[in-house]
Amino acid sequence: MSITSKTFCPLPWIHLATRPNGDVRVCCTANASGAGKVDNKTAGLVVQDGKPMNLRENSVDEIWNSEYMRGIRLKMLNEEIPNSCKKCFEEEANGIVSKRQWETREWKSKIDWQELVGKTQADGSLPVNIPYFDLRLGNVCNLKCVMCSPHDSSTWIKDWKLQLPQYKNEELKKDQSWDTDFDYTWYKKSEFLDAVWSQIDNIQELYFAGGEPLMIPEHWQILKTLVAKGRASQVKLRYNTNGLKNIDKAVSYWNMFKEVKVNFSLDDLNERNHYIRHPADWNETFHSLAYFTEELDKRHQVNVACAVQALNVSNLPNLARWAEESGLNFNKRTHLAAPFINLHLVYLPSYLNVKVLPIDVKNFARRNIEEFLIEKRKDDYFVEHPLGQAKWEGLIKYMYSEDWSHKLPMMIEYLETCDKTRGLNFREVFPELGNLYND
Numbered sequence: 000m001s002i003t004s005k006t007f008c009p010l011p012w013i014h015l016a017t018r019p020n021g022d023v024r025v026c027c028t029a030n031a032s033g034a035g036k037v038d039n040k041t042a043g044l045v046v047q048d049g050k051p052m053n054l055r056e057n058s059v060d061e062i063w064n065s066e067y068m069r070g071i072r073l074k075m076l077n078e079e080i081p082n083s084c085k086k087c088f089e090e091e092a093n094g095i096v097s098k099r100q101w102e103t104r105e106w107k108s109k110i111d112w113q114e115l116v117g118k119t120q121a122d123g124s125l126p127v128n129i130p131y132f133d134l135r136l137g138n139v140c141n142l143k144c145v146m147c148s149p150h151d152s153s154t155w156i157k158d159w160k161l162q163l164p165q166y167k168n169e170e171l172k173k174d175q176s177w178d179t180d181f182d183y184t185w186y187k188k189s190e191f192l193d194a195v196w197s198q199i200d201n202i203q204e205l206y207f208a209g210g211e212p213l214m215i216p217e218h219w220q221i222l223k224t225l226v227a228k229g230r231a232s233q234v235k236l237r238y239n240t241n242g243l244k245n246i247d248k249a250v251s252y253w254n255m256f257k258e259v260k261v262n263f264s265l266d267d268l269n270e271r272n273h274y275i276r277h278p279a280d281w282n283e284t285f286h287s288l289a290y291f292t293e294e295l296d297k298r299h300q301v302n303v304a305c306a307v308q309a310l311n312v313s314n315l316p317n318l319a320r321w322a323e324e325s326g327l328n329f330n331k332r333t334h335l336a337a338p339f340i341n342l343h344l345v346y347l348p349s350y351l352n353v354k355v356l357p358i359d360v361k362n363f364a365r366r367n368i369e370e371f372l373i374e375k376r377k378d379d380y381f382v383e384h385p386l387g388q389a390k391w392e393g394l395i396k397y398m399y400s401e402d403w404s405h406k407l408p409m410m411i412e413y414l415e416t417c418d419k420t421r422g423l424n425f426r427e428v429f430p431e432l433g434n435l436y437n438d
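Per numbering that gives the first Met the number 0, the very first residue in the sequence shown carries number 0; after that it's consecutive.
Calculated from the structure, these hints are not laboratory results.
One or more of the hints may lead you astray.
Claimed, not checked - The calculated lysine to aspartate or glutamate pairs, modelled on EDC-like cross-linking and capped at a C-alpha distance of 20 Å, are: (1) Lys-390 to Glu-370; (2) Lys-390 to Glu-415; (3) Lys-248 to Glu-217; (4) Lys-85 to Glu-294; (5) Lys-244 to Glu-217; (6) Lys-257 to Glu-204; (7) Lys-85 to Asp-38; (8) Lys-248 to Glu-293; (9) Lys-244 to Asp-200; (10) Lys-85 to Asp-111; (11) Lys-396 to Glu-370; (12) Lys-50 to Asp-38; (13) Lys-98 to Glu-370; (14) Lys-172 to Asp-158; (15) Lys-5 to Glu-105; (16) Lys-157 to Asp-133; (17) Lys-235 to Asp-111; (18) Lys-223 to Asp-200; (19) Lys-167 to Glu-401; (20) Lys-160 to Asp-182; (21) Lys-187 to Glu-56; (22) Lys-50 to Glu-66; (23) Lys-228 to Asp-180; (24) Lys-74 to Glu-56; (25) Lys-257 to Asp-280; (26) Lys-228 to Asp-200; (27) Lys-244 to Glu-293; (28) Lys-40 to Asp-180; (29) Lys-257 to Asp-200; (30) Lys-173 to Asp-158; (31) Lys-187 to Glu-258; (32) Lys-160 to Glu-401; (33) Lys-5 to Glu-89.
Claimed, not checked - Restraint ranges, calculated between C-beta atoms of paired labels, are given here: (34) Glu-401 to Glu-66: 27 to 37 Å; (35) Asp-378 to Lys-109: 39 to 49 Å; (36) Arg-104 to Glu-324: 43 to 53 Å; (37) Glu-79 to Gly-117: 14 to 24 Å; (38) Gln-198 to Asp-379: 21 to 31 Å; (39) Ile-110 to Glu-369: 30 to 40 Å; (40) Asn-317 to Glu-79: 39 to 49 Å.
For each residue, glycine too, the CB sits at the ideal point set by N, CA and C.
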């Protein structure tokens, strides 16, 4: 078999990704491929007999060579785009560097693709050798971000119970549904961690996200075991974290590992970030980010991971300027983004996606971004970096690619309901949105 296919992505050959409830997905990006005209929260999940495969009931071996995973591999080798993967290809069509492209570049020097694909059987099956795990070990979290839900944050549960009865829009009620029977401690009650240890000599990289990984005891158990087994110096760690808990402990562990990439969750400045990543305090957030940039060994990378959505797209240039001028000890030549912030689009809930904005707000955001790009074009690093100018230009193209303004009533009802619960006012915090109507 050959990897000349234009739809090839390495992840189905090297990667296993969980959701907070133990469901398995092709990757975190695939799980957002259902956003749009018909929202589908189960998109990208590994399915068997119409039911998501879950690590509480299914073994890693069963999932790895399930009919679904075998089918994904074969489609990619046959230059077909699996339904789970349409998000990446949509981003690429808009000039945005997708996860497929980014991961391919990251792993190209680490894995012999030809040898790996050569081990793929005619039915798509593959030896269980997994160098890369994406672990979401439950929903324990200290924040209740506006684009989040109880599925990803335990702190959201109280607000969700208060808000759900208030929604009038039936589509919004459906979107806000949540299965209270989900088990977010699945990893304590299954053989999953034993399966991870069976792969310990194969593991090259672990990606931890939320919930908030720095609050989850089993996350620390995994790091402790890797240190005890003498594997830490060969393993890279990647995080999405709000960085507000256990930061001393994190640095002490991380400096024992080969490399750590800290994607520090920060979506805007001051009270705007407090609204989006509620109830994060700006001073505490800045302190944590500064601590990581000062205390982590130089081989590690720290960057701002920004969830781009309707609320913050107009102010992204100011966040980027702040990051560059903050005085924080970022290493421009090795870190993930240019300049200093990595943009990733919010797809779910779809009514917070940038496509929902009315044309006048889109135009306002575009003008702000274009002014920023004019400033940065004197910086060769920004212009040439795949996550620099091209990604910002791709964001503009993506924002205008479709009109989802029919979702505006959902967005407004949702934000106004959140505001009642939290004592906030989105129109005051985000003045560019102050005139949005609610029909």
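Structure-based check of each hint:
Our distance criterion of 20 Å between C-alpha atoms is met by Lys-390 and Glu-370, whose separation comes to about 15 Å. Note on Lys-390 and Glu-415: the hinted pairing is violated, with a Cα-Cα distance of about 31 Å set against a maximum of 20 Å. Of the pairs offered as hints, the one joining Lys-248 and Glu-217 holds, with about 14 Å between alpha carbons and a cut-off of 20 Å not exceeded. Straight-line distance between C-alpha atoms of Lys-85 and Glu-294 comes to about 39 Å, which puts the hinted pair past the 20 Å bound.
Proposed proximity of Lys-244 and Glu-217 is supported: the alpha carbons are some 15 Å apart, at most 20 Å. The suggested pairing of Lys-257 with Glu-204 holds, with an alpha-carbon distance near 10 Å, which does not exceed 20 Å. Distance restraint check for Lys-85 and Asp-38: the Cα-Cα separation of roughly 14 Å lies within the 20 Å cut-off, and the hinted pair is therefore satisfied. Distance hint between Lys-248 and Glu-293 is fulfilled; the C-alpha atoms sit about 15 Å from each other, no more than 20 Å.
Taken as a hint, the Lys-244 and Asp-200 pair is broken in the structure, with Cα atoms around 30 Å apart against an allowance of 20 Å. With a C-alpha separation of about 26 Å, the suggested pair Lys-85 and Asp-111 falls outside the 20 Å cut-off, and the hint is violated. With a C-alpha separation of about 16 Å, the suggested pairing of Lys-396 with Glu-370 holds against the 20 Å cut-off. Straight-line distance between C-alpha atoms of Lys-50 and Asp-38 comes to about 18 Å, which keeps the hinted pair within the 20 Å bound.
The straight-line distance between the Cα atoms of Lys-98 and Glu-370 is roughly 27 Å, outside the 20 Å bound, and the hint therefore fails. At most 20 Å may separate the alpha-carbon atoms for a hinted pair to count; Lys-172 and Asp-158 meet this at roughly 14 Å. A C-alpha spacing of about 17 Å is found between Lys-5 and Glu-105, which places the hinted pair at or below 20 Å, so the restraint holds. For the suggested pair Lys-157 and Asp-133, the alpha carbons sit about 28 Å apart, so the restraint of at most 20 Å is broken.
With a CA separation close to 18 Å, the supplied pair Lys-235 and Asp-111 stays within the 20 Å bound. The hinted pair formed by Lys-223 and Asp-200 meets the criterion: a straight-line CA distance of about 15 Å does not exceed 20 Å. Taking the CA atoms of Lys-167 and Glu-401, the gap is near 26 Å; set against the 20 Å cutoff, the hint is violated. A distance of roughly 18 Å separates the Cα atoms of Lys-160 and Asp-182; the hinted pair therefore holds under the 20 Å criterion.
In summary, the hint linking Lys-187 to Glu-56 is supported, as the alpha carbons are separated by about 12 Å, within the 20 Å threshold. At roughly 13 Å between alpha-carbon atoms, Lys-50 and Glu-66 fall within 20 Å of each other, so this suggested pair holds. Under the criterion of a C-alpha separation no larger than 20 Å, the hint pairing Lys-228 with Asp-180 is inconsistent with the structure, at around 36 Å. For a cut-off of 20 Å, the pair hint linking Lys-74 to Glu-56 is broken: about 27 Å separates their Cα positions.
Using a Cα cut-off of 20 Å, the hinted pair Lys-257 and Asp-280 is violated, with the two alpha carbons roughly 31 Å apart. Distance hint between Lys-228 and Asp-200 is fulfilled; the C-alpha atoms sit about 10 Å from each other, no more than 20 Å. With a CA separation close to 17 Å, the supplied pair Lys-244 and Glu-293 stays within the 20 Å bound. Proximity of Lys-40 to Asp-180 is assessed by CA-CA distance (about 16 Å); at most 20 Å being required, the pair is judged to hold.
For the proposed pair Lys-257 and Asp-200, the alpha carbon gap of about 15 Å is at most 20 Å, so the pair holds. A threshold of 20 Å between alpha carbons decides the hint, and for Lys-173 with Asp-158 the separation of about 17 Å falls inside it, so the pair holds. At most 20 Å may separate the alpha-carbon atoms for a hinted pair to count; Lys-187 and Glu-258 exceed this at roughly 27 Å. The suggested pairing of Lys-160 with Glu-401 is violated, with an alpha-carbon distance near 33 Å, which exceeds 20 Å.
With a C-alpha separation of about 14 Å, the suggested pair Lys-5 and Glu-89 falls inside the 20 Å cut-off, and the hint holds. For Glu-401 paired with Glu-66, a C-beta distance near 33 Å keeps the hint of 27 to 37 Å intact. Our hint of 39 to 49 Å for Asp-378 and Lys-109 is violated, since their Cβ atoms are close to 29 Å apart. The hint said 43 to 53 Å for the Cβ distance between Arg-104 and Glu-324, and at roughly 29 Å that hint is violated.
Between Glu-79 and Gly-117 the C-beta distance comes to about 20 Å, which sits within the given range of 14 to 24 Å. Between Gln-198 and Asp-379 the CB atoms are about 41 Å apart, so this pair departs from the stated range of 21 to 31 Å. In this structure the hint that Ile-110 and Glu-369 lie 30 to 40 Å apart at CB holds, the actual value being about 39 Å. In this structure the hint that Asn-317 and Glu-79 lie 39 to 49 Å apart at CB holds, the actual value being about 42 Å.
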